[in-house]
Amino acid sequence: MIKYDIAQLNIATLLAPIDSPQLSDFVANMDRINTLAEESPGFVWRFQTKDGDATGIDYFCSGKTVNLSLWDSIEALHNYVYRSAHVEIIRRKKEWFHKMGEAYMVLWWVPAGHIPSIEEAAQKLSILRERGPSAEAFTFKKTFPVPSAPADTWGGECPAI
908 MIKYDIAQLN
918 IATLLAPIDS
928 PQLSDFVANM
938 DRINTLAEES
948 PGFVWRFQTK
958 DGDATGIDYF
968 CSGKTVNLSL
978 WDSIEALHNY
988 VYRSAHVEII
998 RRKKEWFHKM
1008 GEAYMVLWWV
1018 PAGHIPSIEE
1028 AAQKLSILRE
1038 RGPSAEAFTF
1048 KKTFPVPSAP
1058 ADTWGGECPA
1068 I
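Per this note's numbering: the sequence shown = residues 908 to 1068.
In short, the hints are calculated from the structure, not lab data.
We put the CB at the ideal spot given by N, CA and C, even for glycine.
Be careful, since some hints might not be right.
Below, a list of computed lysine-lysine pairs in the BS3-like style, where the Cα atoms sit at most 25 Å apart [unchecked claim]: (1) 957 to 1001; (2) 1001 to 910; (3) 1049 to 1000; (4) 957 to 910; (5) 957 to 1006; (6) 910 to 971.
What follows is a set of in silico ranges between Cβ atoms, one per label pair, in the way DEER data are often shown [claimed, not checked]: (7) 1047 to 1026: 21 to 27 Å; (8) 908 to 1050: 37 to 43 Å; (9) 926 to 1038: 33 to 39 Å; (10) 985 to 934: 33 to 39 Å; (11) 927 to 1022: 16 to 22 Å; (12) 1051 to 934: 33 to 39 Å; (13) 1012 to 948: 31 to 37 Å; (14) 989 to 957: 29 to 35 Å; (15) 909 to 1009: 28 to 34 Å; (16) 926 to 1009: 22 to 28 Å.
Can you make the complete structure from the sequences, with help from the hints?
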């Protein structure tokens, strides 16, 4: 049976430059929140630069911050996001980020061991924005189950018995 992890991308548009006084409290909490994620049950991986974060990534245009990670289940990710100290950051998001007019977070299933690229994540976000939630790209509000293994796992026709 193929094992899957849940991938998540979250982007946000900063209200000010990352090194500004307005974002100093956000920046001051990044290491703590990243460590909390890494120590949380179900955490698998997170995208980061050699500096240990992803604030220097401008794939989605400068002025945006990116979070891309893998978890072993939707429940584990949900618990980290909404039932840990991470929720303190969510409560303060209006201090640091612009309100997004379109989807800014996407979830999708990946085979365990697969590390998604920023390009793959951007494609999943585009799919969600264009088509709405589907098994290919979805949200916490409308999730989809882990893909099932193909009926034919032997790679050919089933022999007649």
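Hints, one by one, checked against the model:
no. : hint                     : verdict
1   : 957 to 1001              : violated, 28 Å
2   : 1001 to 910              : violated, 37 Å
3   : 1049 to 1000             : holds, 22 Å
4   : 957 to 910               : violated, 29 Å
5   : 957 to 1006              : violated, 29 Å
6   : 910 to 971               : violated, 32 Å
7   : 1047 to 1026: 21 to 27 Å : holds, 23 Å
8   : 908 to 1050: 37 to 43 Å  : violated, 20 Å
9   : 926 to 1038: 33 to 39 Å  : holds, 37 Å
10  : 985 to 934: 33 to 39 Å   : violated, 25 Å
11  : 927 to 1022: 16 to 22 Å  : violated, 32 Å
12  : 1051 to 934: 33 to 39 Å  : holds, 35 Å
13  : 1012 to 948: 31 to 37 Å  : violated, 21 Å
14  : 989 to 957: 29 to 35 Å   : holds, 30 Å
15  : 909 to 1009: 28 to 34 Å  : holds, 32 Å
16  : 926 to 1009: 22 to 28 Å  : holds, 27 Å
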